[in-house]
Amino acid sequence: AQSVTQLDSHVSVSEGTPVLLRCNYSSSYSPSLFWYVQHPNKGLQLLLKYTSAATLVKGINGFEAEFKKSETSFHLTKPSAHMSDAAEYFCVVSDHSGGSQGNLIFGKGTKLSVKP
Amino acid sequence: EAGVAQSPRYKIIEKRQSVAFWCNPISGHATLYWYQQILGQGPKLLIQFQNNGVVDDSQLPKDRFSAERLKGVDSTLKIQPAKLEDSAVYLCASSFAGTASDTQYFGPGTRLTVL
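Going down the list, the protein sequences come from chains A and B. In terms of our numbering, the first sequence has 626 at position 67, counting the first letter as 1, and numbering is strictly consecutive. In terms of our numbering, the second sequence has 110 at position 10, counting the first letter as 1, and numbering is strictly consecutive.
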C-alpha cells in the first residue's frame with residue numbers, strides 16, 4: 560500500500576529565505592508523486608508532479624522537488640520565500656494498485672508561514 | 101478552460117437532515133472523484149467514477165452516503181442522514197483518463213457544517 564509522511568506540520572520562514580518542506584513516501588510500485596498547495600478558502604492547486612522522468616521536477620511559482628528513490632523522499636524547495644507562499648502544502652502519492660489507479664493518497668499537510 | 105465547478109460553496113444543516121452536493125468536471129474528463137477533507141487533515145477519497153461507472157467506492161460510508169454520475173458528466177453526492185462527524189469540506193476533482201500519473205484538477209469545495 561502507498562502512503563506519504565510529511566515530517567513537519569508547520570514550517571515558518573522569513574520572506575526571502577529558502578523553503579524546505581519534507582516528505583517521505585512508501586510505495587510498492589514506481590510511484591507518481593505530487594505536491595499540491597491549498598490557500599485559505601480556495602481549492603487545491605497542483606504545484607508539480609513526478610512521473611518517472613527527470614528526478615528534479617520544476618513547478619510553478621519557483622518551487623521544485625527532487626525524487627530520491629534511495630531515501631524514499633520527495634522534498635519541496637524554493638530558494639526565496641514570498642509572502643504569497645503562505646498556505647497549506649500537501650505531498651501526495653498516486654495509487655497504482657489495480658482498479659484504484661489514480662486515487663490520490665494525501666499526507667497530513669504542512670502549513671507554511673512566511674514572516675515579513 | 102473552465103475549471104471544476106461545485107455547488108453550493110457552503111451548507112449548514114442539523115444532524116439527521118439530508119444534503120446534496122453537485123459537481124461539474126472539466127469538459128472531456130472521463131474520471132471524477134469525490135474527496136472528504138476534515139479540518140486539519142488531508143483529503144480522503146470517497147468515490148471514483150470512470151465515465152458513469154464506479155471504479156472505487158471502498159471508503160464511502162454506504163449506509164448514509166450515495167453518489168451518482170448518470171450521464172458520465174456531472175455528479176451528485178448525497179448524505180442521508182447527516183451526522184456531526186460529517187462536518188468537512190467535500191472536494192470534487194476530475195482528470196482526463198484516471199491513470200496514476202494523470203493530473204487531478206480540484207474544484208473549490210463545499211464546506212458542510214452539521215449542527
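Incorrect hints may appear among the rest.
Claimed, not checked - Below, simulated BS3-like cross-link-like pairs (lysine-lysine); rule was C-alpha separation at most 25 Å, straight line:
#1 B:178 to A:601
#2 A:601 to B:144
#3 A:667 to B:171
#4 B:183 to A:667
Derived from the structure by calculation, the hints contain no laboratory data. Note that the structure is a prediction, hence the values are computed from the model and not measured.
Going down the list of hints, with the structure as the test:
1. B:178 to A:601: With a Cα-Cα distance of about 22 Å, the restraint between residue 178 of chain B and residue 601 of chain A holds, given a limit of 25 Å.
2. A:601 to B:144: At roughly 17 Å apart (the allowed maximum being 25 Å), residue 144 of chain B and residue 601 of chain A satisfy the hint.
3. A:667 to B:171: Given that 25 Å is the threshold and the Cα spacing comes to 34 Å, the pair is violated.
4. B:183 to A:667: OK: residue 183 of chain B and residue 667 of chain A at ~23 Å, within 25 Å.
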